[in-house]
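Start from chain F and add chains C, V and G according to the hints.
Here are the chains, one letter per residue:
Protein chains: 4
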Amino acid sequence: MSTPNPSAVETALSPGQLREHYISVRQSTRQLVKPLPAEDQVVQTMADVSPTKWHLAHTTWFFETFVLAAMDHRYEPFNEGFDLLFNSYYQGAGPQWKRSKRGILGRPTVATIEAYRAHVDAAMQQVLGDDELSCAWAPVVEIGLHHERQHQELILSDIKHVLATNPLRPIYRRSADGRARAADTSPTREWLDVAGGVHHLGFDGAGFCFDNELPRHRVLVDDFQLASQPVTCREFMEFIDDGGYSDPRWWLSEGWNWVEEQSAKHPLYWELRGDKWWQFTLHGMEHIDEAEPVCHVNYFEADAFARWRGARLPTEAEWEIAASDLEVAGNFADDESFHPRPIVDDNSSSTSNHRFFGDVWEWTSSAYSPYPGFRPWEETLGEYNGKFMCNQYVLRGGCCATPRELVRPTYRNFFPPDARWQFTGFRLAK
Amino acid sequence: MSTPNPSAVETALSPGQLREHYISVRQSTRQLVKPLPAEDQVVQTMADVSPTKWHLAHTTWFFETFVLAAMDHRYEPFNEGFDLLFNSYYQGAGPQWKRSKRGILGRPTVATIEAYRAHVDAAMQQVLGDDELSCAWAPVVEIGLHHERQHQELILSDIKHVLATNPLRPIYRRSADGRARAADTSPTREWLDVAGGVHHLGFDGAGFCFDNELPRHRVLVDDFQLASQPVTCREFMEFIDDGGYSDPRWWLSEGWNWVEEQSAKHPLYWELRGDKWWQFTLHGMEHIDEAEPVCHVNYFEADAFARWRGARLPTEAEWEIAASDLEVAGNFADDESFHPRPIVDDNSSSTSNHRFFGDVWEWTSSAYSPYPGFRPWEETLGEYNGKFMCNQYVLRGGCCATPRELVRPTYRNFFPPDARWQFTGFRLAK
Amino acid sequence: MSTPNPSAVETALSPGQLREHYISVRQSTRQLVKPLPAEDQVVQTMADVSPTKWHLAHTTWFFETFVLAAMDHRYEPFNEGFDLLFNSYYQGAGPQWKRSKRGILGRPTVATIEAYRAHVDAAMQQVLGDDELSCAWAPVVEIGLHHERQHQELILSDIKHVLATNPLRPIYRRSADGRARAADTSPTREWLDVAGGVHHLGFDGAGFCFDNELPRHRVLVDDFQLASQPVTCREFMEFIDDGGYSDPRWWLSEGWNWVEEQSAKHPLYWELRGDKWWQFTLHGMEHIDEAEPVCHVNYFEADAFARWRGARLPTEAEWEIAASDLEVAGNFADDESFHPRPIVDDNSSSTSNHRFFGDVWEWTSSAYSPYPGFRPWEETLGEYNGKFMCNQYVLRGGCCATPRELVRPTYRNFFPPDARWQFTGFRLAK
Amino acid sequence: MSTPNPSAVETALSPGQLREHYISVRQSTRQLVKPLPAEDQVVQTMADVSPTKWHLAHTTWFFETFVLAAMDHRYEPFNEGFDLLFNSYYQGAGPQWKRSKRGILGRPTVATIEAYRAHVDAAMQQVLGDDELSCAWAPVVEIGLHHERQHQELILSDIKHVLATNPLRPIYRRSADGRARAADTSPTREWLDVAGGVHHLGFDGAGFCFDNELPRHRVLVDDFQLASQPVTCREFMEFIDDGGYSDPRWWLSEGWNWVEEQSAKHPLYWELRGDKWWQFTLHGMEHIDEAEPVCHVNYFEADAFARWRGARLPTEAEWEIAASDLEVAGNFADDESFHPRPIVDDNSSSTSNHRFFGDVWEWTSSAYSPYPGFRPWEETLGEYNGKFMCNQYVLRGGCCATPRELVRPTYRNFFPPDARWQFTGFRLAK
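Protein chains in written order, with this note's numbering: chain F, 742 to 1171; chain C, 742 to 1171; chain V, 742 to 1171; chain G, 742 to 1171.
Misleading hints may appear alongside valid ones.
You can't tell identical chains apart in this list, so a pair holds if it fits in one copy or across any two.
Stated by the list, open to error - With a straight-line cut-off of 25 angstroms between C-alpha atoms, the simulated BS3-like cross-links for lysine-lysine are:
#1 K1006 with K1017
#2 K1006 with K842
#3 K839 with K1006
Hints listed in this document are in silico derivations from the structure and should not be mistaken for laboratory results.
This one's a predicted model, so the numbers in the text were calculated from it and none came from an experiment.
Excised from the complex, chain F in its bound form (with noise of 0.2 angstroms):
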């Protein structure tokens, strides 16, 4: 790697700004894994979900990797398997261990990755406390932070699905006392009325972007409805009472499939007992609140629901158009909730019913695709993400599991249509 500069990436943070975010960062991953006994963090219930400890590795290994030895090629790496073991897709990089294989791996455990943690963070915060270096590395180390931010949900996605597939149902933490209840006023569904034309999409902020936010370019679109808020349980519950899952007319035909191999009856986690809908949370079992937005529904299902419903999902472009200019504000990984919230009337203002971030991802009705123009970082960061654009849907919003530093209106995150291990809902659109 003779470049240390994606060169697309801009960074506002002054040299020990940049020291103090990195110390922070890395510090909230590992407060973040405190409630998890090392027997949690070994295990991988699917293909798709990694184990806490690889997480912890992984995001070590990213720092070492891409500033560490890239900017010394005499740095001695603190295990040299570890490379192996611990780069996820980087073909740029050298070889991967394979990804489903990840849970087989007792070794290193939990304490000896901690060292590794705390040896890379010590060399990366001499190259942080030199100015130059730091300068000149700086927009890597934003996207190993920003990279970092990502696990930290994902390890809280992943080990929901640890947990919950564990018929002991252990909990990740127990439940703060003041957590909101529904409240016994109907939320208020609006649709906004958004009028079409020619729109910007993509960042063009002061500040860190991914390059799949690039470039900024025009689109043009239609005048549209967008509901107000993502699609409650209660709404979802209706789709579930009226046969949605039995009935094929609502499903694209993948969709279908996926139904009837997994016999799907509801979203992830939930399980009737009787007649109520329980739900598994990071908090355990709970009863479900009928005023949350609806969670854990995949591509399938979201599209299948707004079928079902006469409507159907919105476009990526839609979707950021209407948000644009809306704060960023909502129920994030910040607020330790880990659980997407009731919505509740409060009829402060016209908008306050509004929700646009946080906690649930929304799938809209966009394919994965490079922008026109889309240029990928350069060096084996290119892969980052640009190659993954293929048979996936893009979210947008961030949800209760994401850091607030994350998200921005332009952010595209992207999954495959039939995964729902992460905290995905939708809105509807018109």
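Just chains C, V and G now, with coordinates in the frame of chain F:
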């Protein structure tokens, strides 16, 4: 099925013409399978491939179900068991025999299916001989005839796979003598410059189109350049020689997985003997003519080649804009060569070497999505196209196995990105 | 192959008799496939099943390879490509087309295979018309004829699976009018008492036997009791009615896994319509005659039934000891009923109701192992039997699809414990 | 469970001795897992392997279920969810967590399982401290202790697979200094001549045996010769060097399929570095000592070697006849070497080089079948051995990971023919 009329379907034919057309299309299907012994017509070499005799029966079932039985509920089917066996994927028309199991059915025999075809043809001709009925049902009959044309192409691409898989390498039909051979002159690749701006996409002519070509709508595109011809075998051999199949840099992540799982090293049906490339064709094994458009590559291979060459695939909008005013002329199934023709330089005019239609279907970079405001046909026929709009890419232009009559500049073909048993190639864009 | 002579093989036939016998066996195979249209002969419904036309070609390849080509290295094969396609499993005779892929081959057609048979038959008759050659090669020819007899049975059991899998339920041949029906009298089950001690096991008569029936050797057995007849459908229905398929107590661990994976609830080809049991036969769907020996059960089902009944399966030694002096008479393929006959009480003599041969193969509790001192035939034919002595169980007695000529008291048939598409039943021991 | 008494089980211990023995066995299990961090104890590398912590819990569940809960229906289990998780295969004791999914459970943690063990141990010691109760339940306790001994061996063989699969190649425990090394003298292989005739097979001594070692019965065998020692690595290398793994002549048909599917080229855990063979051991990677008995070969490999060498594997009867009067002495788990010891020639006596016990389990050619008149233990414990008598082969003699206390000349171990993660070798017979 209460209404016969997928409302958007127009037909330009008089009742008499429709009847003649029906006879002609059905007859041409029979012509196509003449070279095949009954044994070849039974075989299914992979889940995507259907046996020839299945195609013969399914296209007949289409008319029986959507015209004869829909028109008259007292209609007695030729054989009640055929509903299960020959319904392809219409949930609205009842259960279906598993697609991947079509090749384990010896019965009905080819002779029985011929009798089935004769039976339905007789009934259909009665309908089409009645002016009133003919007018009422013309839209569905039109769909059925375009449907049968599509299956004529599938009969050819499927049997090619069946024959190629057999180590005895049987041929479908000997090559006619005068098949064009490569001239010594290299074909002239030009870059066509197309001005961006607001263009229209989708069908608006007279006559038939599929529901997925509608509604006609506006799109905004940048200026772009499009190659005047598809990529040739000569160019693709350079990619192979340059190690294209062993360098993950060029490949989408899913594409690279495909390369590794399949140990892919060249297009389907290619075979290296000594230092010469051969390929299996419907005329048997032949030397590869380097001037031919490369064929039987999937989206991953097309996309990797483009990246290697520093170019990209066109979007479907770009392709349609460039092709919309061209004459639909080229090497189609009607020419009975059933193989792409070499591109030779004839210098006769500035556009004489432009090839947009025939020879090979061209992969575009556009995921197969509904046009804004898309409405599927009514009732069960609504399943024809809409429910496949997921994890597929659009292809344009028709190929040497496509009946000429099917092809329009607005026609949208679609296949998953790993499919390559169709006659699929691509052109470059910038 | 240097020597023609699997040394242990004896033949009792004169050259003239051998030639006649050859013609007769080959002719009877042709007779057997007459009711089948070409399409039926192509199909493979599971890996265990081979297409009819494959059997026709493989038995021919056997003579071509082990006689014609072995005798004369200048022999020109009918088609060189057939070696790959029609070698079943003889590693010593070259590579083999994958067994599970036999059903994806349209070519060679049935007509071509008929020509292949005629070609090889002509050459073989020349050999057999030469007394010297005939004597020299008689042992291999004998093996080839017994081999063809074995495949005659497989043609029947395989096509039964092919036809039964087809929802149109085609029949192989209508039932002859006078097929025996159950009398009102229940058959008399007796327990035969057999004295233990040192007995002899294995072939020692004149004429042909397979290598796995040798050497004749001594075994020590305790006194035992053997049922005089196989278990009937009536008895097996009691097992079903008593919940036999849902109670793990009766089943081997692997058997229970099989039950759960297959959701097995009854013998293969059985179907409950209303409160009546039907079964698919080579004559089509028929009521089950309760007095028939139960058929199409695997080792797991036989063993579970025996445990439920407080009995056990006999060892192969016990079976052979009890049967060694009985006449080999019963319902074989030669009778062309192709279905087990009901057991009726005729009171004519004390042993008239004893059934040891024909109707159904009988599972024994003996794993298929070599007899002490076993020596496989020499050269490539040594692969005929010996290499399958692993994870299979021995069956005895022949069935309604076995040519009478194949059956001896010492004949050892063998199948894996989960196989049940053969005509397999069982008797009890104590 | 109404009766505590698998009637055939005898115990020679007084109540006081039994209690002491219980404490000692349980304590030695704990000792065995001391070197393993919690992370190693979670992992399952293939379906056959169970996580260490599962073994710790399952052996405890055995006492809880078959003693504590069986004795007193008011007994409150430590955790009701453990029944599902730690029941291995006893259908009579309720449903079981899927075996292949044991490695996706982080909980219960190792610490919780230690508490579980302590809880059950306390209750068991109360029972065993009561003379009356102790006598009544001694048979089941004896079974439980032998059961735990068996799992001690599985802990070692399973963790060996876990560690060997990890590319970091962690070690279980460093080798003790004085591990025996090969002498220069070649070990003397002798052929022991054993006279045939009627012999007795099966247990008849005092004290404990498993149900599958009974009843003692007579067998008739021919004279035979048995090698005095197992086959060594040196001999097996000759087989490899002679192309043994690429010549189908030596292999059973299923064995050859296994070779091709696995691309097998050498015993499990072997690795060729340059021209030297290394192997993974519980002490890490080591040079292969050629005088060691070859280990980690499956039945197919043992059988192929024997055929290549012109010999055969002994039957279990032959093995037991030859070993029945020998002292049960050798290299067992108690020696804590956990690896087969080289065979060195000490010339001290004519039988000093005879090795029948310890080092490696020895494959016999006998399919695992019930002895004539076999009766499984009563009730649910009847599932212990009997239901596995299918598609497995008998092994004899114990190995370096087997607790000495388990081994008897009549002890029948059994595994499927493709298993080789156990410490399995073999000896030749003629």
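These are the hints, each one checked on the structure:
Proximity of K1006 and K1017 under a CA criterion of 25 angstroms is satisfied intra-copy only: 15 angstroms inside one chain copy versus 35 angstroms between copies. Taking CA atoms no more than 25 angstroms apart as the test, K1006 paired with K842 passes between copies only; the shortest distance there is 23 angstroms, against 29 angstroms inside one copy. Only between protomers do K839 and K1006 lie at most 25 angstroms apart by alpha-carbon distance; the minimum there is 22 angstroms, versus 32 angstroms within a single protomer.
Checked against the numbered hints above, the structure breaks none of them.
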